Amino acid sequence: MSTAASRATTEIPAAVRLDQVTKRFAPGGPAVLDRIDLTIAPGEFVCLLGASGCGKSTLLNIVAGLEPASSGTVQVAGSLQLGGNAALMFQEPALLPWLTARRNVELALRLRGVPRSERRDRADELLELVHLGGAGDKAVHELSGGMRQRVALARSLAQERDVLLMDEPFAALDAITRDLLHDELERIWLATGRTVVFITHNVREAVRLGQRVLLMSSRPGRIVREWTVEVHGQRRIEAPEVAALAMEITDHLRQEIRRHAL
Amino acid sequence: MPSETTQPSETTTAPALTMNDVRSLEAGLDALQTAPGTTTRRRSVWPVLAPLLATALLIGAWQLFVLAGIKPTYIVPSPLDVLHQAVEAWGRGDIQQALVTSLERGIVGFAVAVLVATPIGILVARVRWVRLSFGPIITGLQVLPSVAWVPAAILWFGLTDTTAYFVILMGAIPSIINGLVAGVDQVPPLFRRVGQVLGANPWEAVRHIILPAALPGYLAGLKQGWAFSWRSLMAAEIIAVGGKIGFGLGSMLQQGREIQDMSVVLVAILLILAVGIGVELLVFAPLERRLLRRRGLAAETSR
Ligand SMILES: Nc1ncnc2c1ncn2[C@@H]1O[C@H](COP(=O)(O)OP(=O)(O)OP(=O)(O)O)[C@@H](O)[C@H]1O
Ligand SMILES: [Mg+2]
Numbered sequence: 001m002s003t004a005a006s007r008a009t010t011e012i013p014a015a016v017r018l019d020q021v022t023k024r025f026a027p028g029g030p031a032v033l034d035r036i037d038l039t040i041a042p043g044e045f046v047c048l049l050g051a052s053g054c055g056k057s058t059l060l061n062i063v064a065g066l067e068p069a070s071s072g073t074v075q076v077a078g079s080l081q082l083g084g085n086a087a088l089m090f091q092e093p094a095l096l097p098w099l100t101a102r103r104n105v106e107l108a109l110r111l112r113g114v115p116r117s118e119r120r121d122r123a124d125e126l127l128e129l130v131h132l133g134g135a136g137d138k139a140v141h142e143l144s145g146g147m148r149q150r151v152a153l154a155r156s157l158a159q160e161r162d163v164l165l166m167d168e169p170f171a172a173l174d175a176i177t178r179d180l181l182h183d184e185l186e187r188i189w190l191a192t193g194r195t196v197v198f199i200t201h202n203v204r205e206a207v208r209l210g211q212r213v214l215l216m217s218s219r220p221g222r223i224v225r226e227w228t229v230e231v232h233g234q235r236r237i238e239a240p241e242v243a244a245l246a247m248e249i250t251d252h253l254r255q256e257i258r259r260h261a262l
Numbered sequence: 001m002p003s004e005t006t007q008p009s010e011t012t013t014a015p016a017l018t019m020n021d022v023r024s025l026e027a028g029l030d031a032l033q034t035a036p037g038t039t040t041r042r043r044s045v046w047p048v049l050a051p052l053l054a055t056a057l058l059i060g061a062w063q064l065f066v067l068a069g070i071k072p073t074y075i076v077p078s079p080l081d082v083l084h085q086a087v088e089a090w091g092r093g094d095i096q097q098a099l100v101t102s103l104e105r106g107i108v109g110f111a112v113a114v115l116v117a118t119p120i121g122i123l124v125a126r127v128r129w130v131r132l133s134f135g136p137i138i139t140g141l142q143v144l145p146s147v148a149w150v151p152a153a154i155l156w157f158g159l160t161d162t163t164a165y166f167v168i169l170m171g172a173i174p175s176i177i178n179g180l181v182a183g184v185d186q187v188p189p190l191f192r193r194v195g196q197v198l199g200a201n202p203w204e205a206v207r208h209i210i211l212p213a214a215l216p217g218y219l220a221g222l223k224q225g226w227a228f229s230w231r232s233l234m235a236a237e238i239i240a241v242g243g244k245i246g247f248g249l250g251s252m253l254q255q256g257r258e259i260q261d262m263s264v265v266l267v268a269i270l271l272i273l274a275v276g277i278g279v280e281l282l283v284f285a286p287l288e289r290r291l292l293r294r295r296g297l298a299a300e301t302s303r
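If you read the protein sequences in the order shown, they are chains A and B.
Residues in the first sequence are numbered from 1 upward in steps of one, following UniProt numbering.
Residues in the second sequence are numbered from 1 upward in steps of one, following UniProt numbering.
Derived by calculation from the structure, the hints in this document are not laboratory data.
Note that the structure is predicted; figures quoted are calculated from it, not measured.
We put the CB at the ideal spot given by N, CA and C, even for glycine.
Worth double-checking, as some hints may not be accurate.
Sample of chain B residues with no beta-carbon within 12 Å of chain A, all distances over it, derived [unchecked claim]:
#1 L144
#2 Q196
#3 A213
#4 G296
Computed footprint of chain A on chain B; a stretch qualifies when at least three of its residues, placed anywhere within it, have a C-beta under 8 Å from a C-beta of chain A [claimed, not checked]:
#5 25-31
#6 149-156
#7 250-258
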């Protein structure tokens, strides 16, 4: 863990920093998250893996400020998370069906205080960034699942937050569309320098995208292991080294799950 | 914390996709997954024709009943008698006056009801203690037939237009409030979280997320509110005749009764009915259709 440790001590504030974060949904109930420490450097792409129900979404919601931690502190971009200072992309596109694609993006800009005169152009730029330049006037129900997810991505980019949290954003998509969105996301990440925290069930997806892959245990949720993925140049999900590391991580994930059978 | 590092590698077996490949693949997928063009909706004449035929059928049955001579025509006048009466009343200007008076009251009263009920509805839906304390009372008021307010209104306001407006408000406001509350309750929690994530303050959340999402329920409440206010207006006009109160459709109904002219009564009933149907067809139905279509919720009406 040499790299992460040295990162934590540099003077640049971490993009996300969790200190002893514990979460119980009922007072005195089981700890869903148990004393989690996590530091994510600016510009890092981190994938969070774990069995179903281990608390990944809970962790992300706490970082997003949607849910309070029971104890511990959460800092985003150097200040305490009080809500609204990280962009979040949900598993569902969560677009507002009464607005067009462009208006969905514009709403994010508007709520950030971008003046009306700039919103339209800015929204078009963002739609262009996700290769949906021509679909701005389409109603949400006229878009395919992959297109909706791209509009949702454009909307979360419109929030102009340094930290982008993604909760299984591509889980509901077919493999080809998902591959494509991996390429898109990687390109946008490289172009914008955002810090990305990406949750997934899919080990290969995690290895395909992440610079760092974290494995969470279940009940209580802790971060039990982590891998640094160092692949230079373009990574494909079919690449053998992706497959090899994915296999190793899957073994650990299985062990983690089996622990609960005993 | 254990940690491993994979060996650096440059080789990928599958040939890397170039930017252009990605774009064209994406464009292909987008094209495949979206509906090809807009399906031309063939306009059917049946939605218009069928109700007209049914109406003709009912009038025919009515005429047959009159021809059978079961009741004398001063009790059941024929459709033609009623038509004559309508033409005469139109000539005197009675129909125009009654229509304008009642519609004006209905529309103004309803508009005021919307203005009053909407902020109250938002408060009831969003503020816990307001809902706890006033929610049941509003539901009770919604169930209470607003005709019940007519005697009280006459005692308070006399035979004036205020009486008519008061009864309309009491009929419409509870329905609109409850419709809005039901609409807000049905807003998917995901949309609220979207508002939170996008950094909306409480007012912005209501304005940009909650209200638009609640629109279908709100519209249903408006529709019911209109129905209630129109009904109670007619009742008020029947009961409160004379004084300074203007001559409306309900007054026409009451007048027909007083002069014992069944055809006047029937003209008034048919007019009241026509206004009800007209408002539904010209105002609420198109609004509803637009709302559903824009959200992709409209049932496929082709064929
Ligand atoms: N609002 C809540 N109240 C009570 N318990 C909750 C609540 N939300 C989540 N939990 C519990 O917390 C645990 C973690 O849930 P969470 O949704 O974070 O899991 P997850 O890792 O995201 O799972 P998945 O991969 O299925 O999305 C689960 O056991 C769940 O039952
Ligand atoms: Mg989850």
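### Query
So which of those numbered hints doesn't the model satisfy?
2, 3, 4, 6, 7
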